[in-house]
Amino acid sequence: MSNRISHKNSRVDLNRPLTFTFDGQSYQGFAGDTLASALLANGVKVVARSFKYGRPRGIIGSGAEEPNALVQIDVGARTTPDLKATQVELYDGLVAGRTSGWPSLAFDLKSVGGKFSRFMPAGFYYKTFKWPTKLWPFYEDIIRRAAGYGKSPIEADTETYDHQHHHVDLLVVGGGATGLLAALLAGRSGLKVLLVDDQSELGGYLLSMPNILIGGVSASTWSANIINELQSLPNVSTLSRTTAFALHDMNMIQAVELLQDHLPHAARNNAQRRERLHRIRASKVVLATGAFERPLVFGNNDLPGIMTASALTTYLNRYGVACGKNAVIMTSNDLVYQGAVDLAEAGITVTIVDTREQINPEWAAKTNQLGIKVYVGYGISEAVGSGAVQGVQLVKLGSLKNVVTAKGPYVPCDVLASSGGLSPTVHLFCHDGGRPQWDDARLAFVVSANGRAKDGIFCVGAITGVFALQEGLAKTHDTIAELLTGLGKTINASGLVLETDEIAVTPARRIFNVPDGKDGYGAKAFVDFQNDVAVTDIHLAVRENYRSIEHIKRYTALGFGTDQGKLSNVNGFAIAAEALGKTIPEVGTTTYRPAYTPVSFGALAGAHVGDSFEPRRYTAVQTTHERYGAEFEPVGQWMRPWYFPKPGEDIHAAVNRECLATRNSVGMLDASTLGKIDIRGKDVREFLNRIYANAWSQLAVGKCRYGLMLDEAGMVMDDGVTACISDTHFLMTTTSGGAARVMTWLEKWHQTEWPELEVYMTSVTDHWTTAALVGPKSREVLAKLCTDIDLSKEAFKFMDWRDGKVAGVPARVFRISFSGELAYEVNVDASYGDYIWNELMKAGKEFDITPYGTETMHVLRAEKGFIIVGQDTDGSVTPFDLDMAWAVGMKKPYSFLGKRSLARSDTSRTDRKQLVGLLPEDPNVVLKEGAQLINSSDITPPVAMLGHVTSSYHSAFLGRSIAMGFVIDGIKRRDEEGNNIVYAWAEGKAVKVKIVSYVFVDAEGARHNA
Amino acid sequence: MFVIKCPHCFEAREEEEFSYGGEAFVARPTSPETESEESWGDYLFMKRNPKGWHWEMWGHSTGCRKFFVLKRNTANHTTVGAWTLAEARKIYDAEEATA
Ligand SMILES: [Zn+2]
Chain A
1 MSNRISHKNS RVDLNRPLTF TFDGQSYQGF AGDTLASALL ANGVKVVARS FKYGRPRGII
61 GSGAEEPNAL VQIDVGARTT PDLKATQVEL YDGLVAGRTS GWPSLAFDLK SVGGKFSRFM
121 PAGFYYKTFK WPTKLWPFYE DIIRRAAGYG KSPIEADTET YDHQHHHVDL LVVGGGATGL
181 LAALLAGRSG LKVLLVDDQS ELGGYLLSMP NILIGGVSAS TWSANIINEL QSLPNVSTLS
241 RTTAFALHDM NMIQAVELLQ DHLPHAARNN AQRRERLHRI RASKVVLATG AFERPLVFGN
301 NDLPGIMTAS ALTTYLNRYG VACGKNAVIM TSNDLVYQGA VDLAEAGITV TIVDTREQIN
361 PEWAAKTNQL GIKVYVGYGI SEAVGSGAVQ GVQLVKLGSL KNVVTAKGPY VPCDVLASSG
421 GLSPTVHLFC HDGGRPQWDD ARLAFVVSAN GRAKDGIFCV GAITGVFALQ EGLAKTHDTI
481 AELLTGLGKT INASGLVLET DEIAVTPARR IFNVPDGKDG YGAKAFVDFQ NDVAVTDIHL
541 AVRENYRSIE HIKRYTALGF GTDQGKLSNV NGFAIAAEAL GKTIPEVGTT TYRPAYTPVS
601 FGALAGAHVG DSFEPRRYTA VQTTHERYGA EFEPVGQWMR PWYFPKPGED IHAAVNRECL
661 ATRNSVGMLD ASTLGKIDIR GKDVREFLNR IYANAWSQLA VGKCRYGLML DEAGMVMDDG
721 VTACISDTHF LMTTTSGGAA RVMTWLEKWH QTEWPELEVY MTSVTDHWTT AALVGPKSRE
781 VLAKLCTDID LSKEAFKFMD WRDGKVAGVP ARVFRISFSG ELAYEVNVDA SYGDYIWNEL
841 MKAGKEFDIT PYGTETMHVL RAEKGFIIVG QDTDGSVTPF DLDMAWAVGM KKPYSFLGKR
901 SLARSDTSRT DRKQLVGLLP EDPNVVLKEG AQLINSSDIT PPVAMLGHVT SSYHSAFLGR
961 SIAMGFVIDG IKRRDEEGNN IVYAWAEGKA VKVKIVSYVF VDAEGARHNA
Chain B
1011 MFVIKCPHCF EAREEEEFSY GGEAFVARPT SPETESEESW GDYLFMKRNP KGWHWEMWGH
1071 STGCRKFFVL KRNTANHTTV GAWTLAEARK IYDAEEATA
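Residue numbers (this note's numbering), protein chains in the order written: chain A, 1 to 1010; chain B, 1011 to 1109.
Heads up, a few of these hints could be off.
[Unchecked claim] Below, computed lysine-lysine pairings styled on DSBU-like, alpha-carbon distance capped at 30 angstroms:
#1 K1015(B) <-> K682(A)
#2 K899(A) <-> K1076(B)
#3 K1100(B) <-> K748(A)
#4 K489(A) <-> K1015(B)
#5 K1100(B) <-> K892(A)
Keep in mind the hints are simulated off the structure, nothing from the lab.
Keep in mind it's a predicted model, so treat the numbers as computed, not measured.
Bound conformation, chain B alone (with noise of 0.2 angstroms):
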C-alpha cells in the first residue's frame, strides 16, 4: 500500500490507481526469428527478481493510462522514484554502466 507519484500526472497517488506491469527494459528482440531456443527462452521467462532495488514497469490504470519506470526496493517497498520511459532509460542505463 503505497503511494506513487505518476510522471505523467505529477501527482501522488495511492497504489491501487496503478497496476504492475513487470521488469522494465525487457527489450523485445529486434530479431524474434533468429533468437536461439535458449535467448528467446530467457526474454518470454528469465526475470531478474531481485530482493532488493529493482527497475519496474507500472501502469497508471485508474489514471492517465500511461506506463512509466519505478525503482523499488522489493524488500521493504521503499521507493526512489518514477519517470517517463524516456527518462528512466538514460538514468538505467548510466547505472548499469558503472554496475
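Chain A extracted, bound-state conformation (with noise of 0.2 angstroms):
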C-alpha cells in the first residue's frame, strides 16, 4: 500500500527510486526521503514497542524530537543504534533494524504486561527489583533486554573522525527562515559567518509550507534566493546535516556534522572522514533554533497513525507523503489550519477538532469552503484502535475549565494528529546557564524579550516565542541591526521585502491535558512516550509528595531517554504543576544540558585514538629494545622496556635471571626517562635549600645528593637525585612520572615566593641518554670504554660524578645506584644514545651483560630498601614516616617547603603509619600490593586496619618473597620480639608476616661502595 502522493513542492525526487529493508522487509523509497517519510509511504505503521509496557508505537514527529522510530541502521562495524527514523536520510541498500520488540515487533511479550499496567506506575522497578541486591544484576539483564533500545557495534570502528576548529565573527545555529535571514544580513556587512543547519538542505520549516508567499514569492524561493546569495559571499560558510549539540563559555559551541552516513556504501569515500566535530568560538551567537510542535495528551494517544500536526504537513508537504486519507486533527491554536488546508487541497478527508470556544474567522471561512468539517469547543478524550488508530471520542470541553461538559461525537479516521503549541528550542541557550521564561500569552518556555542570555547571544524567531513568520523575519532584521550597530556597521537590507501572506493568529486556549471525564480510569494518556511515561504517573509522584520538577523527573522517567523530552516536557512540567497547585513558572524547567542531541564517540575521540590517543615518548634506545625482545610498560608518556625475555620465559623467569645476573656479574638499564632539569644562577643552591628537605650549601663540585621533595603540608612529592655541576650550575633528577610536575613546582615558587632568587630552570630530560651500568663488573665494563677517569675506588667515590669520554663520545658518569649494586649512571648526548648502549653491551659481552628493566628495576630496589614515590607513597607520608631523618636539614635557615608542616600535631605524632619490610612466614608467598595489614588472622569485623603492603616481589637473590609497606608504630614493633607479627588480608586470605628492616640487602653498604 503507497502513501505516496506527487506534490508539487515535495523535496522528494519521484524519478530517482531507492531500495531499503527495515526490520528485514525490502521497500522502496525515493532520493530526499527520510527512513521515517519512506516507511510512512509504504504504510508501516508500527515501527517499535514501548519501553515499560510494550505497547506498539508508530513515527510521531519529523525531526529531532522523534521520542518513538529509533532504529538500529546498518550492521558491523558501521552499525549505529538509537537513531531516529526522522533523521535517517535514505540511501539504496540501507539496512534498518528496529531496537526495540521483544522478541518481535508484532508480538512483545511486555504487551502481556502491559494489560496489568496499573501493577507498574512510576518507580516501579526501584520498588520491585531493588531487593535482594545481590539480584539486580539479574533483573538488568532481562529488564534491558526487554526494554530495548539497539546494540553497541561490537567490532571495531573502522572509520574515521576529526576535529576542526573555527574563529568567526557570526555564528548561526539553525537554516529556517530566521536564520537564514540574520546569516544574510550579517553576512552583507562584511561579517565572518557561520550557519549550520542539522537538515540535509537550508529552509528550515519553510520546506515544510512551502506555498507561503513571503514579499510575493513562494517561500521556496524565497529561501532559494537568500541561500544562492549566501553562497556568493566569500565570508559566509554554512554546514548543513550539523547539528550544534552544546554551548559552552564564552561563546564556544560544539558541533557535529555527518559527512557520509547519508551516501550509499559503495558512494562512500574511506578516505575521508565520517564525522566531523566542529568546535566554534564565535564572538556572537546568533540562536535560531526555532521550535517543537507538542502534541496535547489524551487517552490512547501513542497509537500508531497519531502525530504532531507539524509532522503530519512536514510529510505531506515535504515528502509528498499522505499518511492517512481520513485525518482528524485536534488543536488548541491556529498553527495547524495551514496544514490542514494543504491535507484537503490534496485530496485528504480533513476533520478538525478545535479545543477553543471560538475559531479564526479567517480560517473559518477558509475550511468551510474546503469542505473541512471543524468541531468547535471540543476535545478527544480518547483515541480508538487496535495496533493503528481507527477514530476517536470527542468530548464537549468547558468554555472556561478544561473539563468534560458533554459527551460528544465518535469520528473514524485513519489518522489522527494534535497541536498544543508550540516548545521553543531553548537547549543550547540554557546550555551556559540562560534560564528561559514562561510565557502565559503564548504558552510556552521562551527567551525574554531582548533575547539575550549573555552578552553575544542573540535569539531570533520562534526561540522568542515569536510564531508568526512575518514578525520573525521583522525581528531578526532588528535584532541583527542592534547587533551590528554595536560593531559600528550598518545592516543593508536592500532588496528584501519581509512582509508574508499569513493569517493573523488569534489566541490559542490554555490546554494540555484534555479531560476524559473519568477521574483518572479512563484510557491511559501519555506524556512522555520513550520512557513510558502517563499523566496517572506524574500524578502519583505528587501524591507520593514528589514536590521538586527534578525529583518528578527522575522518580517517572520524565524527560530522559535519547529525545531528552523534547515533545514531553513542556506537558509533563504543566500536568504536574496543576497536580502541585502551583503555576508553571513556579514548577519550572528540568536543568538543560549537552547534548542536545545524541553525539558519537567517535566524533568527540576524532583523530585522538589509537596511537594517537596520547603522545608516546620513546627513549634514543628503542630499537635496540626491540631487536633484544623487550616488552614494554607505560610510565606516564614514556614507554619503558619492562623486562626482556628470552625464549620460553615468562615474566617472572626473564626477572629472576636478570636480577641474578646484575647481583653477579653485570645489568644495563635505561634510565632515560628520569626527569631532569638544569638549573643555574648565583642562587642555585640557596634555591634548592628551600625547595628539598635536604641541605645542599655544603655540597661540593663533583659531588651528588639524594633530595627528598615535600609539599607545604610536609608531605613527600617527589624524589631524585642532583649533582653540583658548579657552584651555580646544578643537574636535578626526578622521577619519571613526576618530572612536569617538579618543573611547574619549581617554576611557580620561584615566580610567586621568591622573584628574588637569580636561578634559571630548563628541562633537558630528552637531551640526554642514561645508560645504568649496575653489578659487580660494572667497573671493569667501563673500563674497558673510559680511559680518561680515574675509576678506582678511592678517586671516584659512591655518589661522585665525572666529566670524560665513553667510547669516544663526551659523557657525564654518575656513580650512584638504585640497587644498592656497584653502579655508574652513563649520560651521554642523546643523539649518541643507541650508540652508547650498544658498545656497553658489547663491552660487557664477556661479563654475560644482562639488559634488565622496570620490573628488575622495582625488584633490586626493594632488596634495598629503596622506595618509589607513588608507589609506596601517596601524598599523605612525611620523611619520619619513611624513616628517613637523615634527609630533613631541620638546621637550615630558611624554612624549606614543609617543614613547619613537619611540627604539627598531626604531622609529628610517633605513633603513625611507618614504612617498614614485611617479610611472610612463608617465602613462597608473595603477598598482594595493597594487602591490609591486620593484627590477627581472625578476619570477623570490626577488624582494625593496621596499614597496607605497598611494594612486594619475589627476590631471587635471597631465594624468597619480601615486601614494604606500611605498619601503625611499625618501626617501634620492628624491634620488639612477640610484638613484629601481622597478617596481610586480601582476596578472603590473611597470610602471616613478620615486620622486619626494610634492608634485606646489603645493609652496610658493602656492595655500592665496593
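Two chains, each in its own frame: build the complex with the hints.
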C-alpha cells in the first residue's frame, strides 16, 4: 500500500527510486526521503514497542523530537543504534532494524504485562527490583533486553573522525527563515559568518510550508534566493547536516557534522571522515533554533497513526506522503490550519477538532470552503483502535475550565494529529546558564523579550516566542541591526521584502491534557512516549510527595532517553504544576544539558584514538630494546622496557634471571626517562635549600646528593639525585612520572614567592640518554671504554660524578645506585644514546651483561629498601614516616617547603603509619600489593586496619618473597620480639607476616661502596 | 572552556593552554616556625572558595610558562581581566581596602 502522492513542492525526487530494508522487509523509497517518510509512504505503522509496557508505537514527529522511531542502522562495524528514523536520510541499500520489540515487533512479551499496567506505576523498578541487591544484575539484564534500545557495534570502528576549529565573528545556529535572514544581513556587512543547520538542506520549516508567500514569492523561492546569495559571499560559510549540540562559556559551540552516513556504501570514501566535530569560537552567536510542536495529551494517544500536526504537514508537503486518507486534527491554536488546508487540497478528508470556544473567522471561512468539518469547543478524550488509530471519541469541553461538559460524537479516521502549541528549542540557550521564561500568552518557555542570555548571544524567531513568520523576520532584521550597530556597522536590507501572506493569529486555548471525565480510570494518556510516562505516573509521584520537578523527573523518568523530552517536557511540567497546585513558572523547567542530540564517541574522540590517543615518548635506545625482545610498559607518557624475556621465558623467569645476573655480574637499565632539570644562577644553592628537605650548602663540585621534595603539608612529593656541576649550576633528577609536575612546582615558587632568587630552570630530560651500568662487574665494563676518568674506588667514590669520554663520546658519569650494587650511570647526548648502549653491551659481553627493565629495577631497589614515590608513598607520607630523618636538614636557616608542617600535631605523632619491611612466614607466598595489614588472622569485623602492603616481590637473590609496607607504630614494633607479627589480608586470606627492616640486602653498604 | 588573555603573551588563548594555580595572594608566612597551629593550618588548607568573583592564579603552561592572576566569576566563568602578579597586586589591594 503506497501513501505516496505527487506533490508540487515536495523535496523528494520520484525519478530516483531507492531500495531499503526495515526489520528484514524490503521497501522502496525515493531520493530526498528520510527513513521515516519512506516507511510512512509504505504504510508501515508500527516501528517500535514501548519501553515499559511493550505497546506498539508509530512515528510521531519529523525530526530530532521523535521519541518512538528509534532504529538500528547498518550492520557490522558501521552499525549505529538508536538513530531516529526521522533524521536518517534514505540511501540505496540502507539496512535498518528495530531496536525494541522482544521477541518481535508484532508480539512483545511486555504487552502482556501492559494489560496489568496498573501494577507497573512510576518507580515500579525501584520498588520491585531493589531487593535482594545481589539479584539486581539478573533483573537488570532481563529488563534491559525486554526494554529495547539498540546494540552498540562489537567490531572495531574502521572509520575516521576529526575535529575542526573555527574562529568567526558570527555563528548562526539554524537554517530556517530567520536564521537564513540573520546570516544574510550579517554576511552583507562583511562579518565572517558561519551558519550551521542539522538538516540535509537549508530552509527549516519553510520546507514544510512551501506555499506561503514572502515578499510576493513562494517560501521555497525566497529561501533559494537567500541561499544563492549566501553562497556568493566569500565571508559566509554554511554547514548542513551539522547539529550544534552544546554551547559553552564565552560562545564556544560544539557541532557535529555527518559527512558520509547519507551516502550509499559504494559512494562512500574511506579516505574521508565519517563525522567531523566543529569547535566554534564565535564573537557573537545568533540562535535561530526554532521550536517543536508539542502534542496534546489524551487517552490512547500512543496508538500508531497519531502524530504531531506539524509532522503530518511536513510529510505531506516536504516528502509527498499522505499519512492517511481520513485525517482528524485536534488543536488548541491556529497553527494547524494551513496544514489542514494543504491536506484537503491534496484530496484528503480532514476533520478539525478545535478545543477553543471561538475560532479564527478567516480560517473558518477557508475550511468551510474546502469542506473541512470543524468541531468547535471539542476535544478528543480517547483514541480508539487496535494496533493503529481507527477513530476518536470527542467530548465537549467547558468554556473556562478544562472539564468535560458532555459526550461528543465518535469520528472515524486513519491518521490523527494534534497541536498543543509550540515549545521553543531553548536547549543551547540554557547550556551556559540561560533560563527560559514562561510566557503565559504564548503558552511556552521562551527566551525573554530582548533575546539575550549574556553578551554576545542573540535569539531570533520562534525561540523568542515569536511564532508568526512575518513578525519573526521583522524582529530578526531589528536584532541584526542592533548587533551590527554595536560593531559600528550598518545594516543593508536592500531588495529584501519581509511581508508574508499569513493569516493573523488569534489566541490559543490553555490546555495540555484533554480531560476524559473518567477521574483517572480512563485509557492511558502518555506524556513521555519513549519512557512510557503517563499522566497517572506524574499524579502518583505528586501523591507520593515529590515536589521538585527535578525529583518528579527522576522518579517517573519524564524527559530521559534519547529525545530528552523534546515533545514531553512542557506537557509534563504543566501537568505536574496542576497536580501540585502551582503555576508553571513556579514549577519551572528541568535543567537542559549538553548534548542536544546524541553524539557518537567517534566524533568526540576525533583523531585522538589508537596511537594518537596520547603522545608516546620513546628513548633513543628504543629500536635496540625492540631488537632484544623487550616487553614495554607505559610510565607516564614514556614507554619503558619492562623486562627482556628470552625464548620460553615468562615474566617471572626473565626477572629472576635479570636480577641474578645484575647482582652477580653486570646488568644495564635504560634510565633516560628520569626527569632532568638543569638549574643555574647565583642563587641555586639557596633555591635548592628551600625546595628540598635536605641541605645543599655544603655539597661540593663533583658530588651528588639524594633529595626529598615535600609539599607545604610536609608530605613527600618527589625524590631524586641532584649533582653539583659548579657553584652556580646543578642538575636535578626527578621521578620519570613527576618531571613535568616538579618543573611547574619549581617555577611557581620561584615566580610567586622568591622572584629575588636568580635561578634559571630548563627541562633537559630528552637531551640525555642515561645507561645505568649496574653490578659488581660494572667498573670493569666501563674501564674498557673509558680511559680518561680514574675509576678507582678511591678516586671516584660513591655519590661522585665525573666528566670524561666513554667509547669516544663526551659523557657525564654518575656513581650512584638505585639497586645497592656498584653502579655507574653513563649520560651522553641523546643522539649518541643508541650508540653508547650498544658499545656498552659489546664491552660487557665477556661478563654476560644483561639488559633489564623496570620490573627488575623494582625488585632490586626493594631488596635494598629504596622507595618509589607514588608506589610506596601516596601524598600522606612524611620523611619521618619513611624513616628518612637523615634526608631532612632541620637546621637550615630558611624554613624549607613543608618544614613547618612536619611539626603539626598530626604529622609529628610518633604512632603514625611507618615504612617497614615485611617477610611472609611462607617464603613462597608473594603478598598482594594493597593487602591490608591487621593484628590477627581473625577477620571477623570489626578489624583494626594497621596499614597496607605497598611493594611486594619474589627475590631470586634471597630465594624468598619480600615486601614493604606501612604499619602503625611499625618502627617500634619491628624491634619488639613478640610484637612484630601482623597478617596481610587480601582476597579472603590472611597471611602471617613478620615486621623487619626494609633493607633486605647489604645493610652495611659494602656492595655499592665496592 | 573559556578564553584567557595571557598578560605576558598578550594573546587570547583557549583555557586548555593554561593550568589553574589556586587562589591568588595566599602569601607564605615569612616566619613559618612562629605560626600557631591554627594560623599555619589556615594558610595550608583554608581557601575562600567563593561563589562569584575570585582572584586566582593561572599558569600559561603550554605557552610562556609564566604565572599570572585572573579575576574570574566562579558561578558563570566570566572574567574581568588577567594581570601580571605585580599589576594584579595593586588592583587587588585597592579592592580589599574598599571592601
Ligand atoms: Zn603566556
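Checking against the hints above, which ones are violated? 1 and 5
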